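Going line by line, the protein sequences match chains A, B and C. When you read off a place in the first sequence, starting at 1, and then add 155, the result is the number in the numbering used here. When you read off a place in the second sequence, starting at 1, and then add 1, the result is the number in the numbering used here. So in the numbering used here, spot 11 of the third sequence is number -5, and the numbers just go up one at a time.
One or more of the hints may lead you astray.
Simulated crosslink set (DSBU-like; lysine-lysine; CA at most 35 Å straight-line) [claimed, not checked]:
| hint | chain 1 | residue 1 | chain 2 | residue 2 |
| --- | --- | --- | --- | --- |
| 1 | A | K322 | A | K333 |
| 2 | B | K54 | C | K133 |
| 3 | A | K402 | A | K495 |
| 4 | A | K358 | B | K169 |
| 5 | B | K54 | A | K259 |
| 6 | A | K339 | A | K402 |
| 7 | C | K133 | B | K66 |
| 8 | C | K0 | A | K182 |
| 9 | A | K271 | A | K402 |
| 10 | C | K0 | A | K256 |
| 11 | B | K169 | A | K256 |
| 12 | A | K268 | C | K0 |
| 13 | A | K182 | A | K333 |
| 14 | B | K169 | C | K1 |
For each label pair, taking beta carbons as the anchor points, the in silico distance ranges come out as [unchecked claim]:
| hint | chain 1 | residue 1 | chain 2 | residue 2 | range |
| --- | --- | --- | --- | --- | --- |
| 15 | A | E288 | B | E224 | 15 to 25 Å |
| 16 | A | Q229 | B | P192 | 43 to 53 Å |
| 17 | B | Y28 | C | I290 | 38 to 48 Å |
| 18 | C | V127 | B | I7 | 45 to 55 Å |
| 19 | C | K1 | A | S193 | 26 to 36 Å |
Chain B is nowhere near these chain A residues, computed Cβ spacing over 12 Å in every case [what the hints assert, rightly or not]:
| hint | residue |
| --- | --- |
| 20 | D208 |
| 21 | S252 |
| 22 | Q261 |
| 23 | K270 |
| 24 | V370 |
| 25 | V458 |
Quick caveat, the hints were computed from the structure, so don't treat them as lab data. The model shown is predicted, which means the values in this text are computed figures rather than measured ones. Ideal Cβ placement from N, Cα and C applies to all residues, glycine included.
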Amino acid sequence: MAQINMLGVSKRFGDIEVISDTTLEIKDGEFVVFVGPSGCGKSTLLRLLAGLDEITSGEITLNNQRIDHLAPAQRGLAMVFQSYALYPHMTVYQNMSYALKVAKEQKSVIDEKVKKTASILQLSEYLDRKPKELSGGQRQRVAIGRAIVREPKVFLFDEPLSNLDAKLRVQMRIELTKLHKKLKTTMIYVTHDQVEAMTMADKIVVINNGEVEQVGAPLELYRSPANQFVAGFIGSPAMNFFSGTIKDVSANGIHFDLNNSGASIFLKCSDANVSIGESIQFGVRPEHFILAKKTDQIITGEVYAVERLGGETYIYLSSQTDDDIIVHFSGDREIKVGEKIDVGFSIKDCHLFNSKGWAIR
Amino acid sequence: MRAPNIIKIENLLIQIFLASAAIVMLYPIFMMVLSAFKTTPEIFISPFSMPKKFNIENFQVIWEKTNVPRYFLNSIIVTASSIALLLITGTMAAYAIARYKFRGALMVSLFFLSGLMLPLRLAIIPLFIQLKYLGLIDSLLGLIFIYTAMSLPATVFILTGFLRSLPKELEDSARMDGASELRIMLDIMVPLISPALVIAGIYSAVPIWNDFFFPLIFIQSAEWKTLAQGFTAFFGEYSINYGVLYAGLSLASLPMIFIFIAQSRRFIAGMTAGALK
Amino acid sequence: MERSNYQRAKSFRKLKKQLWLLFLLLPPALILITFIFLPMASALWYSVYDWNGLIRGEFVGLENFRKVLLDPERNWFFFNALKNNVLVFVSLMIIQNGTALVIALFLAREPKGARFYQVVFFIPVILSTVIIGFQWKMFLNPVFGLINKILNAIGLHDWALPWLGLPETALPTMILVNAWAWVGFPAIVFLAAIHRIPRDLIEAARLDGGSEWQIAKDIIWPLMAPAVTIIVVLTFIGSFNWFELPYIMAGLEGSPAYSTDMLGLLFYRTAFGSISAGGTEFGVGSALAAIIFIVIFVFSIIATKILVAREVELN
């Protein structure tokens, strides 16, 4: 059982508050991903969990017992670092057995555990090698193995895949997910790559500037982002945003104009907390645009760039609204630069954000 | 791009320069060692040629007739102990400065660094009085403490530079593995700076082995004299027996030279790869 | 207020960390204080007293300092020695460190045998000053010495001078000997600094057609700044601490005619020479020591500030 709770945790470095009043629950066996842009505080949050940095205020509990006063090793957590942090002067075997040696386990027990973990990760033939003799992917597996050997209650991963090449990254993503299913241990994973988050997580925590923007399952974040930041962060290429102004508010819904386009859109919603004249942001994902035929709304644009990948196509339009539009079509489309095309979208694929960036449902 | 020919000529000129410089460097030493094997008259008559036969008479004189072997031993004891004490305490101080943030860390590092600028020789009299008070006059232990103190600033300087360059993640990982701070220092950090230890060791060992000033002042009884000090007296005694003189010079120099050559790879690797500052 | 287990654990951890730091820092600090700082402080302290042999007399304020700097009988010696030390510093900077720079630049191109050369140049550094002093003294012997024998052999009879015997040549000769002995050290330090410069920078410059001289001047030299700082400061400290070499090659009095007198030698004569004579020079000697120390200290600080500022600017 490994359930973690963070209650009102904050962290200051001198005058700067790096993490503000964060409350999170991580259930036993969950694969949770902390995701956000560089410098948002996700790694710091992880380090606070690990005990490598002290929290300024708040509480961290593991299975309802407070752990934020304990030394890292006493918390029952293991961490895999971004640069693997393997001990360069020790062999793979020594690297993996170090923690157990420190804990004064018996040699035979250590041997058994290390060998077992090595075989799970296919490292058995490398046990006598030093880190500098291994490839990046192998080193990473050693780093993971080192964590597994300790049989921790929770695994912490700090951007473990960022130093690998693209192909290896995809491979390791799957390996890690398989590992999670096999070990069934709680895993907390930090990354700036939203693709990793979307593909691996049971639950995603989006962090920006030390604050939690939204917590939820991947598809939930995709379909119902709580604010503009999350909407723009999840999904690649990012959501297209258009500026607009509220024209009319009624019990049924909102009428708003897209600036400079003359397009007027009506959205059904109840309880929208907006006023007439308020500026809003209107969002549509690139993959939700359709070549206009029979759709609800239309925007015209001129193509200024086309990327044809064979299996999908990306079109870049400059439109009458001030904003550029990115459109994603699956399959190949023969569209040329300079063409004027009409794109449309379905209302159910739209997102509206008020002047403060919060989603209007 | 410059023409390959110019590069070739440049390289040739460089080789000539370096080779000439090397000869200038080595020739005097070579001469010194060669002359040690000659008899004194031979040195005067044919100073440049190889000795007629490799005469070890001079060395025998030194070994048997003088106190040199004893001095040699004393020097070894003093130098080795000083280096050991120096590296241990130096590593401790450097580790504290390099890997921990604490209030006054800057002051502490300046404290150690300022020792570099203090010419201890100028304080020789108070030092004498102090050692007398501690009962360390005429003892190798007194020398050991003095040499350790003198070499600490530079050693701490060198080791701090290297220790700083180790990634913090290694420490973090070891902490997660449950290692105590002492274990982290001994198991992980210190082994990774072994070139630095060699550099600091050699850098300090040389002036300690060669020093004759402090033994001159502090060591009176013959049984505790060190090599460098012994030679100073020795030169007076044998001032015209050039053969024996050169043999003495050679004996005094060779240990250091051999140790250096043996460790030269680590030494150079450390200096070129490590963090000098 | 009740201290929960939780808070107790936190303060305990903090205490452990502080004890650990203390453990690490105390032994080295103690050694430094006992054997360096205390004696140095005493030495400076002694300078404001009058001394009768080794017995301390009355407080005389800056009287001893006045004697060293202003007393016409003495201050000639002081300024003469000071002049010599400065001469040594400047000459070594140019000859010794200049050559070291050239050597380092050459070795940085990794010519054949670079490793060998590195070791060879460093060997004289390892030798004792005593040995070097004696050896070169023998080589410089006007009649039997190697140098003059070579000069005569190649026909330069006029140059076969008594190098250590003439006031005009004694100091320059010793400077050259020092340079011979020590050039390896700055050479390796500079070489290390050059190796740290990213290859791409130098290669890009080469591709752009820069000559070796230009590359050395515009790229290598500025990026070597930290190493230069270290060497300048160390050379200064070394020059002002010169003692063994002149002592062995020229004697305590800086013969001939005080042309090789150094502040270190002067100090030794003043402080110790007087003990046997029973004069009251010890206070003066201490004042001299204090002055020397201040000179070294002030210069080191100023030089370090200037050079480090230059380092930051260049990087």
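Hints, verified against the model:
Proposed proximity of K322/A and K333/A is supported: the alpha carbons are some 17 Å apart, at most 35 Å. Between K54/B and K133/C the alpha-carbon distance is near 23 Å, which keeps this suggested pair within the 35 Å criterion. Restraint check: the Cα-Cα separation between K402/A and K495/A comes to about 29 Å, which is no more than 35 Å; the hinted pair holds. Proposed proximity of K358/A and K169/B is supported: the alpha carbons are some 30 Å apart, at most 35 Å.
At most 35 Å may separate the alpha-carbon atoms for a hinted pair to count; K54/B and K259/A exceed this at roughly 64 Å. The straight-line distance between the Cα atoms of K339/A and K402/A is roughly 52 Å, outside the 35 Å bound, and the hint therefore fails. Proximity of K133/C to K66/B is assessed by CA-CA distance (about 32 Å); at most 35 Å being required, the pair is judged to hold. Annotation: proposed proximity of K0/C to K182/A holds, straight-line Cα distance about 34 Å (limit 35 Å).
At roughly 66 Å between alpha-carbon atoms, K271/A and K402/A are farther apart than 35 Å, so this suggested pair is violated. Distance restraint check for K0/C and K256/A: the Cα-Cα separation of roughly 22 Å lies within the 35 Å cut-off, and the hinted pair is therefore satisfied. Our distance criterion of 35 Å between C-alpha atoms is met by K169/B and K256/A, whose separation comes to about 21 Å. Note on K268/A and K0/C: the hinted pairing holds, with a Cα-Cα distance of about 32 Å set against a maximum of 35 Å.
A C-alpha spacing of about 19 Å is found between K182/A and K333/A, which places the hinted pair at or below 35 Å, so the restraint holds. Restraint check for K169/B and K1/C: the C-alpha separation of about 17 Å stays at or below 35 Å, so the hint holds. In this structure, E288/A and E224/B break the distance hint of 15 to 25 Å, their C-beta atoms being roughly 53 Å apart. For the pair Q229/A and P192/B, the supplied restraint of 43 to 53 Å is violated, since their beta-carbon distance comes to about 26 Å.
Separation of Y28/B from I290/C is about 39 Å and conforms to the stated range, judged on CB atoms against 38 to 48 Å. For the pair V127/C and I7/B, the beta carbons lie near 47 Å from each other, so the given range of 45 to 55 Å is met. Between K1/C and S193/A the CB atoms are about 30 Å apart, so this pair conforms to the stated range of 26 to 36 Å. Listed as outside the interface, D208/A is inconsistent with that label: its C-beta sits roughly 10 Å from the nearest C-beta of chain B, within the 12 Å cut-off.
Residue placement check: S252/A does not keep its beta carbon more than 12 Å from all beta carbons of chain B (closest about 10 Å). Every Cβ of chain B is farther than 12 Å from the Cβ of Q261/A; the closest lies at roughly 16 Å, confirming the non-interface assignment. Even its closest Cβ contact with chain B, about 19 Å, leaves K270/A beyond 12 Å, as expected for a residue assigned away from the interface. No Cβ of chain B comes within 12 Å of the Cβ of V370/A; the nearest lies about 26 Å off, and the non-interface call holds.
Even its closest Cβ contact with chain B, about 44 Å, leaves V458/A beyond 12 Å, as expected for a residue assigned away from the interface.
Checked against the numbered hints given earlier, the structure breaks hints 5, 6, 9, 15, 16, 20 and 21 and satisfies all the rest.
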